Amino acid sequence: MKRMAPLELLASDVKNARAAARRSTEAVKSGQVFAGADLGKLRLADAAGTVSGRKYGAASHTWFYVLRQMWRRKGKTVISLALAAVLAGGIGALALTRLAYRNAFLETNVNVSATGFASSSVTTLSKSDLIKDAYYYGTMEVCVNQADTPCSMILTNDLNRCLTGEYSVTYADGCDSTALDDDGGVCLVGKPLAESMGIQPGDEIGLLTHDLYKFITTLYEDESEVKEAAALASWKYKVVGVIETENESEGFHLYSVANSTADWLYGQPFPIGYCELTLADNGKVDELNTILEEQKNAGMQYAPVASYYVDTAGLESARRVRDLLETMFPVAVGAVMLIGMLGSGLMVLQSAEEAALLRILGSSKKRVRATLLLEQMLPCTVGVLLAAVLLCLSASALFKGSVGTVLLCWFLYLLCCFVGALATAIRITGGRILELLQSRG
Amino acid sequence: MANLALNHVSYTYKNAEKAAISEISQVFEEGKVYAIVGPSGSGKSTLLSLMAGLDLPTAGEVLFAGESLDGLDLDRYRREDISMIFQAFHLFPLLTVVENVCFPMELCGIHPKDAKPRAEALLEGVGITKEQMKRFPAKLSGGERQRVAIARSLASNAKIILADEPTGNLDSANTQNIIEILASLAHEKGYCVIIVTHDSEVAETADVALRMRDGRLRYD
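So the protein lines, in turn, are chains A and B. When you number the first sequence by the working numbering, it's gap-free, plus one each residue, and the end is 441. When you number the second sequence by the working numbering, it's gap-free, plus one each residue, and the end is 220.
Hints listed in this document are in silico derivations from the structure and should not be mistaken for laboratory results. Some hints could be false.
Below, simulated DSSO-like cross-link-like pairs (lysine-lysine); rule was C-alpha separation at most 27 Å, straight line [said to hold, decoys possible]:
#1 A:K365 x A:K55
#2 A:K366 x A:K74
#3 A:K74 x B:K113
#4 B:K134 x A:K74
#5 B:K113 x A:K55
#6 A:K55 x A:K366
#7 B:K139 x A:K55
#8 B:K14 x A:K74
#9 A:K366 x B:K113
#10 A:K365 x B:K14
#11 A:K365 x B:K113
#12 B:K139 x A:K74
#13 B:K14 x A:K366
#14 A:K238 x A:K227
#15 B:K116 x A:K55
#16 A:K365 x B:K116
Listed next, the stretches of chain B that the computed footprint assigns to chain A, with coverage defined by at least 3 CB atoms under 8 Å from CB atoms of chain A [said to hold, decoys possible]:
#17 44 to 51
#18 67 to 78
#19 99 to 108
Predicted, not measured: the structure shown is a model, and the values here were computed from it. Beta carbons are placed, not taken as given, at the ideal position from N, Cα and C, and that holds for glycine.
Could you build the full structure based on these sequences and the hints that come with them?
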């Protein structure tokens, strides 16, 4: 074992410190720097400060120390970062999935198919707040202006769905598409039918059900008496427009809506052949079923043959997953927060010896705690940011929709990490420092 | 003269029935090596904690340069007035040798670029080569690490060195080496060196040997 060389450099080192002290003294005397410096006990910091003039603040030292430690302790840094990214990414993904299924539940259409409901029931249902979209279609055989040959009057509320092709309407003066909303007798006449019968927009025509017309023909032998009786029995309908359809066969029909006048024309509430409804609020399926049952029985004469079907297959599967996620989400958030808090605390605890040494070397408690917190919170924050970037890139639309919830979850996670780290930092900086070093040694 | 004095110092841990340290009065002067010898549990670590300002006595006072530690900024006291050496060296494992020695100076607000030449000078003074200065402490032997620890203790210009079993993990040759360095610091440079040890051979080399037993300090 070689013997130690004389401590010559220490001697020169002391000499340099004394020279610096003299310079500092002169500087203070001349009023340049260190007003109030304790000349009796010259501090190393004072001496060094006059040597180069470069100051090194606590914040700079702490930041540089932490970044260097993180770089050299890559494994621990990567673990902290990866854990934060996985936890934040996981909870973010869960929040997005929860939102996706919430949307799926709300956006899944619950469709009702009903047949044989009375027109009054169909009207009630289509105007109900529970329904956001309604379509019905029914056909009635009518005689126009006492003609022998009947034609079909289509009762519908949506010509676009009813007709197979394009169409255009020439309205009567003062009429437009809202004219068919009238509760009175209004109709559109197909163009070929109107031309064959010399009907113009704005004309008034008489409509009689074919069954009633046939009945009248049995009452009278004379054709003129039949025509006269039929004319008396006919309901007056105003032709609000002539409709030209792409499909020529559809031009030989009349088009109207299911209203009270149609019921009077029919002699009783008219049975609508097909009705399709879409539920407005997917949470009110039970209410919908109730109202459907009520309206089915409202038209007593049709109740035995009327039927309906509520298609909730898609909704049920979305509901099951949605409910599961609603239950899981707060549990998952709680678990992530707990893991964050405990994980941070454990990571900081691993630096207990380092903290004790910093205290012994003269770091204040505040500075040591700041160092420990930075060492833990920097990788956590970077991990969360990494998760944010990945989520934004992979599911930006969903992310925008639930950004508030996700940000709140991440904030809570970082807060729990901070609390865990801070609590541990306070614990280890308040403990018996020397014993900690001795036990670890 | 920056000496350290204990004035009827006592210390009792919370919820303890018996005092860990009882009525210790002692002056530690510059230029001397003091050895405090005692078995485990005799209160040596507690005494060290009090002298290092890591804790304050429950009775009496610890005085540095005539001032009670009670009225001092203890963090600054540990930064600039005393330094410690440990049996387990306690160097920062992720800092190189020279960075370890720079650290106390950086804590005092000295820029790393100013601290480094001084650190290198201190390390050369304790026999650490330029090549060794770039290494991490794990790459050094026990004796070399303790010399680095000594250099670090000198970095802040503190005149009082508290050594807690500094040779506990060293072989006899390195032990001799370290004791010679500490003695040289005291006798040639005017440091006050206080060594806590259970090794009677180390105690024999001290100028003043004190025995710690049941919380009391007596001359040996």
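Quick rundown of the hints versus the structure:
no.: 1; hint: A:K365 x A:K55; in the structure: holds, 22 Å
no.: 2; hint: A:K366 x A:K74; in the structure: holds, 25 Å
no.: 3; hint: A:K74 x B:K113; in the structure: holds, 25 Å
no.: 4; hint: B:K134 x A:K74; in the structure: holds, 19 Å
no.: 5; hint: B:K113 x A:K55; in the structure: holds, 11 Å
no.: 6; hint: A:K55 x A:K366; in the structure: holds, 20 Å
no.: 7; hint: B:K139 x A:K55; in the structure: violated, 32 Å
no.: 8; hint: B:K14 x A:K74; in the structure: violated, 40 Å
no.: 9; hint: A:K366 x B:K113; in the structure: holds, 25 Å
no.: 10; hint: A:K365 x B:K14; in the structure: holds, 21 Å
no.: 11; hint: A:K365 x B:K113; in the structure: holds, 26 Å
no.: 12; hint: B:K139 x A:K74; in the structure: holds, 19 Å
no.: 13; hint: B:K14 x A:K366; in the structure: holds, 24 Å
no.: 14; hint: A:K238 x A:K227; in the structure: holds, 20 Å
no.: 15; hint: B:K116 x A:K55; in the structure: holds, 14 Å
no.: 16; hint: A:K365 x B:K116; in the structure: holds, 26 Å
no.: 17; hint: 44 to 51; in the structure: holds (count 3)
no.: 18; hint: 67 to 78; in the structure: holds (count 4)
no.: 19; hint: 99 to 108; in the structure: holds (count 6)
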